Amino acid sequence: MASKMKNRWIALYVENQVGVLAKVSGLFSGKSYNLQSLTVGTTEQDDVSRMTICVTSDDVTFEQIKKQLNCMVEVIKVMDLTDVPIHMKEILFAKIKKLDCLQKQEVYQIANVFDQGGSVEITDIGEDSILMECMLTERRNNELIALLKKQFKHVEVVRGGAVAIESISTSCR
Amino acid sequence: MDITGRKLFVKALQDEGVDTIFAYPGGMIIDIVDELYKTEGMHVVLPRHEQALVHEAEGYARATGKVGVCLVTSGPGATNAITGIADAHYDSIPLVVFTGQVPQNLIGNDAFQEVDIVGMTRSITKYGVTVKDRKDLGKTIKMAFQIATTGKPGPVVIDIPKDIQAKAGNPEYPDHVDIRGYKPNETVHIGQLKKAYKMLRHAKRPLILAGGGVNIAGAGDLLVDFAEKMQIPVVTTIMGKGAMPTDHVLYIGNSGMHGKYASNKAISECDVLFSIGTRFNDRITGDLNEFAPHAKIIHVDIDAASISRNVVVDVPITADAKLALEKLTEYVDEPMDTSKWMSQIMKWDDEHPLEMRRDRGLCPQVIMEEINRAFPQGVVVTDVGQHQMWATQYIDMPAGKKFITSGGLGTMGFGFPAALGAKIGCPDKPVVCITGDGGFQMNMQEMAMAITEKLPVTICILNNYYLGMVRQMQQIFYGKRYEITYLGKDLDESGKCAVNADSEPEYAPDFVKWAESYGAKGIRVRDVSEVRGALEEAAKATDAPVVIEFMVASEEIVLPMVKGGNPISEMILK
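Chains as they are written, first to last, in our numbering: chain A, 962 to 1134; chain B, 12 to 585.
Please keep in mind that the hints were generated in silico from the structure rather than gathered at the bench. Since no wrong hints were added, every one of them can be taken at face value.
Partial pick of chain B residues on the chain A-facing surface, computed with a CB cut under 10 Å: (1) Ser134; (2) Lys137; (3) Tyr138; (4) Gly139; (5) Thr141; (6) Ile158; (7) Lys163; (8) Gly192; (9) Lys194; (10) Ala315; (11) Ser319.
Between beta-carbon pairs, the in silico distance windows are: (12) A:Lys1110 <-> B:Glu581: 48 to 56 Å; (13) B:Thr340 <-> A:Val1009: 41 to 49 Å; (14) A:Thr1017 <-> B:Gly119: 28 to 36 Å; (15) B:Gly506 <-> A:Lys967: 49 to 57 Å; (16) A:Leu982 <-> B:Glu504: 52 to 60 Å.
Pairs of lysine-lysine residues, derived as DSS-like cross-links and limited to a Cα-Cα distance of at most 30 Å, are as follows: (17) B:Lys49 <-> B:Lys150; (18) A:Lys1028 <-> B:Lys205; (19) B:Lys206 <-> A:Lys1038.
Since the model is a prediction, treat every value here as computed from it, not as a measurement. The beta-carbon is built from N, C-alpha and C at its ideal position, and this holds for glycine as well.
Given the sequences, and given the hints that come with them, work out the whole structure.
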């Protein structure tokens, strides 16, 4: 009966008020929903925030999550982005440390390969360290991190969680 | 002209038509309390504990259909109220709970009696907020009343810092607030209703399962009308008890863990189950895979999130029970022929009727029957435990009678204060509280409030010297190892229960003397022959509660019983 567990995406318009983030995130912890990432920021309207949420769940649980979110007074609108064309990006900083000259070159090569028109930049460099700034999809960032960890011993990563918006004309994700 | 926050608070209550408020004072609400002193026509009830305070407001709300209004102070006042708030949340009772808060410049400092009550109650309220700006006070209170009372009702917490109470500002209390994120369902999908009707029409063994939502919506009459016109039998959840008169020819009984044999059999054998106003709680369904295995299920509920959560249904209908039944009844042309199905159900009922052995001392069933006789109408309130299940099984519910119980949270200590709240709300109706010796002791301090408020409520304590519901599980599933469920005094050397079933154990407190110490009447009943007289005596009370302590057989159990997680068709009957 239970369908496949997979990653699903929700965009949420909420009141820009104290406690709303706690209420939304509390729903996921309180009901044992498997939250993958949650980002939040203000929108074109000062009093409205928008969240992008990724959960891993089956179909039934996901329906329930959407209904529970809809129940909340502070939630203005719930949008299911799972199967619609969207643009999605996540910021990622990766600091690779204790590099020799050859390894530095290798980092540049990797950056080049992952770069799609400025989406990966080397933003800082030191004697033996390089800082990489990436604006890729979540999946691409995962792949990049996996590769960096495989190639280098000293990798420090911070990532922002994905943000997503519906496409205008394209059907890509 | 600007007015203070505390003045606006009182104005708001008056504009909402609130004439009764349950309040316990403290430093962070003393300004509001002072304002209440100066207000005419406001009945301010002083309970003796904030948990009981909220239960009283719940009883008041359930009995009157109005919103229950609570006022407690910050810190421990607010945390004490939490159990009551959770209870109201699970049973969808409209409450507005005002909590005092330390002044805003102290919030976050771990100030004296500061707690983040909005944070603590986030998952057990419909809405909660701390008022941060005096200009928002009126709007926020209006929102609280709108949210608590519309859609699926529930508790709302409004936390008001002390400085907001004192600050001058806008004197207006709005008539209405637009809340963009709150859209209670006020319509019903006609297409789905038609589909449901067609499905029912084609059924051979149709069944209606009515839950508390029918009672909340005041849709009992419509339910009866619909069932009669269609000739469909009805079972209820314990929260749905009373939705249809219990003596109705189409009424079978309660279903679930301690439901009637015939009810659970009917659910297990029906081919279309029309469920309305129930969230398919685990106590109703038992093993979900075996619940109504032969049935297509129609589910009407006002809360979209309750539909297809526990039980995947064939026809989901998000709507208020009253509206759905009104519309549905319009389609009915002629009654269905359910005579064969009905006689099958009657046969099950004859095979295993609800019946207790009467040869083991004072039998709970006899007490329930006598309560039925003494209280043909009015309000019956129960606590939580074995007595509650016996009440749900044996209490008669003619039209107009009210049954109030803690169904979702199962809160011991609920019954007595809820009965007092019901009496405050309905002073002209007889109110009887059926409780156990364990649950009663959890909020017995409220006797002081009952005395000062002059509330003639009949309190029936079924004393079996045990926390009977848990003991029953120990008795059946844990080899009679009665660890910490015995409430009598005569423990053996190892501190375990040493009860001798043949003699009445020593018990503390002496409930009769205890009642008398408050100036209330206490009656102890040991024999069947004394039951009626005691209830008649209690009914004469005019200005104070009467406590009747029934010394019931100590190892009596509630039957039928479905073991937690088992299919409801598998009932323990003996």
